[in-house]
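J.: Sequence:
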Amino acid sequence: MFGPQVPTVPVTEIDDRTYLLDVREDDEWAAGHAPGAHHLPMMELPARLAEVPTDRDVAVICRSGGRSAQVVGYLLNNGWEQVRNADGGMRQWAAVGKPVIGEDGQPGQVI
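If you're matching positions, the sequence shown starts at 1 in the UniProt record's numbering and goes up one per residue.
Keep in mind that a hint or two might mislead.
As the list claims (entries may be wrong) - If you anchor each label on the Cβ, the simulated ranges turn out as follows:
(1) P7 / E44: 21 to 31 Å
(2) D104 / T54: 30 to 40 Å
(3) S64 / D16: 15 to 25 Å
(4) Q5 / D104: 32 to 42 Å
(5) L76 / A47: 13 to 23 Å
(6) P46 / Q5: 28 to 38 Å
(7) Q5 / P107: 14 to 24 Å
These are computed hints drawn from the structure, not numbers from a lab. Ideal Cβ positions, reconstructed from N, Cα and C, are used throughout, including at glycine.
All chains should be built: construct the whole structure from the sequences, respecting the hints.
T.: Now the structure itself:
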């Protein structure tokens, strides 16, 4: 769908050493996100690019993988090398049983 230029990583291979960048909107994040993820909505990325580390693996996640694939492409074009798209997004994250928490720290849901 997005071509071979966008590297992916299965959500089952994302661990605590990976910087998990959630690029969904505020309401999606509040409803449910991965514990330890870093929230940076896609449209704010250009202005906040310095927040994304360049010295470690970065996995970018959204709801299903479309927006995050665009962000991975953008980061690759701007000098990032260790960045991959979380295959299947938060839907897949939840489907494989990984934890999802809401803004209040209670169990959340992917919207």
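J.: None of the hints should be skipped; say for each whether it holds.
T.: Okay, the hints, checked on the actual structure:
no. : hint                   : verdict
1   : P7 / E44: 21 to 31 Å   : 23 Å, holds
2   : D104 / T54: 30 to 40 Å : 32 Å, holds
3   : S64 / D16: 15 to 25 Å  : 23 Å, holds
4   : Q5 / D104: 32 to 42 Å  : 39 Å, holds
5   : L76 / A47: 13 to 23 Å  : 19 Å, holds
6   : P46 / Q5: 28 to 38 Å   : 20 Å, violated
7   : Q5 / P107: 14 to 24 Å  : 36 Å, violated
Violation of the numbered hints given earlier is confined to hints 6 and 7; the remaining hints are satisfied by the structure.
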